[in-house]
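J.: These are the residues of each chain, in order.
Number of protein chains: 2
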Amino acid sequence: MLNFDAERFLKIEKGAVALAAEIDAAAQRYVAEGIDSVFFLGTGGAAILMYPAAALLAERSRLKIFTERSAELVLMDHRSLGPRSLVVIPSLSGTTKESIAALDFCRARGARIVTLVGHADTPLGRSADRAFVNFAEDDTSSESFYIQGLLIAAALLKHRGEANLHEIVTPHLAQLPQALLAAKASFEPRAARLAETFRNEPYHIITGAGSAWPQAFYYGMCILEEMQWIRTRPVHASDFFHGTLELVEKGVSVILLKSEDEFRPLADRVEQFARQYTDKLTVIDPAEADLPGIPQAFRALISPVVLAAELERLSAHIEHLRNHPLTTRRYYKRVAY
Amino acid sequence: MLNFDAERFLKIEKGAVALAAEIDAAAQRYVAEGIDSVFFLGTGGAAILMYPAAALLAERSRLKIFTERSAELVLMDHRSLGPRSLVVIPSLSGTTKESIAALDFCRARGARIVTLVGHADTPLGRSADRAFVNFAEDDTSSESFYIQGLLIAAALLKHRGEANLHEIVTPHLAQLPQALLAAKASFEPRAARLAETFRNEPYHIITGAGSAWPQAFYYGMCILEEMQWIRTRPVHASDFFHGTLELVEKGVSVILLKSEDEFRPLADRVEQFARQYTDKLTVIDPAEADLPGIPQAFRALISPVVLAAELERLSAHIEHLRNHPLTTRRYYKRVAY
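Going down the list, the sequences are from chains A and B. Taking our numbering, the leading residue of the first sequence gets 674, the next gets one more, and so forth. Taking our numbering, the leading residue of the second sequence gets 674, the next gets one more, and so forth.
Next up, chain A with everything else stripped away, as it sits in the complex (with noise of 0.2 Å):
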């Protein structure tokens, strides 16, 4: 595979399932203690990758579940905020800025406070009730993340008694990311084609439903258009056919990310209409995917996680084609703002 370290990958993604058994002791604890609300923040792209397990828990739990921007967050006089609420805090860096001032809102109102950092020794590291900890680098976080927030979803849901995620996700927990590098190596000749069909294009709508709308949303904005300053519109699959089809016709690149779950039929529907109307459809179909030892009920959950893994390699070949280093920024890092 180009530009991709395997055992690295391995590493990281054991790291992140390799915590399964302190979130889930950590669930306890914060399910005895009564906790009633569950607030994902995180900014950015962090925050993103959390919207599967939030999306999980809304819909299978009776706890309260936001998912605030955490530079909203902080503006707000917010009821459900309080001593009852767990916060969840992804940062790879454990240095955003927007995140270290929602931890400390937080903090103000009496949250237990839980981040998921690359390294311990950090603001955010440092400053939470729990940090579970798992470095990882730019290219491997997303699936990381997605990871965790999984965990944190089945834990929590568990401890609850609302639902029995956990029994689909831990027996097969320790194949996943053998699983996922089975994916990648397997998605690599396709994503070469990809990248090819790409390198010009100056623009993609993206789209996708249920746990794929997250990575759509993601790709889009935090590696098309922040690592290769490409345009998208990244549009749920839904709200697709409420304003975004009118800009289909021949020419127009239509990225439709499928998922495994539920939520599959929306995404279906937008691949029976742009079939019709656009030459330039890719589809991306985690069932597509060899994930050996994976059985469907969890294959459903990871949806996510699998786009993260597949979609991974476009970009390496992207960035290459394109001559573009996914490190390259106009203004992060660059510019004060």
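Warning: the hint list may mix true and false statements.
Note that identical chains are pooled: a pair holds if it fits in a single copy or bridges any two copies.
Straight-line Cα separation of at most 27 Å, DSSO-like style, residue types lysine-lysine; simulated pairs [stated by the list, open to error]:
{"#": "1", "residue 1": "K1006", "residue 2": "K953"}
{"#": "2", "residue 1": "K923", "residue 2": "K1006"}
{"#": "3", "residue 1": "K831", "residue 2": "K687"}
{"#": "4", "residue 1": "K1006", "residue 2": "K770"}
{"#": "5", "residue 1": "K770", "residue 2": "K831"}
{"#": "6", "residue 1": "K923", "residue 2": "K831"}
To be clear, the hints were calculated from the coordinates, so they are not data collected in a lab.
Please arrange chain B on chain A, whose structure you already have, making use of the hints.
T.: Then chain B, alone, in the frame of chain A:
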């Protein structure tokens, strides 16, 4: 004002305002009956127009507040949707098929269902427990729906004793339609100039924070994309700094909608950034609107209403200059999907 019927506009917005007493009485009853959750549904643009009300309630109430897309909700087994849920479904036509499916789904779960429709004798008008009816047309419906959403939020907060928004809203509500008309009239010359600027612009980043963000999302998707086939990138002012900013350079249009609420600093941050890096920044600020009879505290609640009123003027000039009627579609109501 170009292609504008002031009497029709006033009649429609007065119709929305006139629902206040009915909405208050209904909210009183639902609170007395012990609702524990509110689902703001709807499909596409109508759903977005409920976001300011949902955000007010999520922040200030202990009710569980959900903004689900209709097409996804019906695929969920949502634990919080049941006999103690109030479901609010806006649909001007009263015939939106995803919304009808959502209504039937929520009915089967025992929820109380309120619809906001343009005509009582429509599927969504007839099937609700309570239909609030206010005839509107496409170019006047945003303000009407925003107002009805605000009335619902204020009434629920009042009867639950959680916030006194009604004390801010009620005394000056009757003046709102005329104030919005004044805002339109004073924005008209700028709308004409902006339309000139935008007529050949192929792409806009459109952003905002707080209660202006739903209007940015709505205007990008449902007007510029759907009705003018112009590419947009609606992005929240906080997310803007975590990806989309890298697309900004000289020649790239950024439309920033400000708000008069507590989230205004997030928009200020975008303004300060964008002023330095593009020569095509457009700031539309409801604080500049002359709103006779509307005190500051009320203004802080109605930024999206004022923005919608002003932007409708922009749309009127854009369709005229581009010779592209707002009603022209490639697909909507023309092909099956």
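J.: If any of the earlier hints don't hold here, list their numbers in rising order.
T.: 5 and 6
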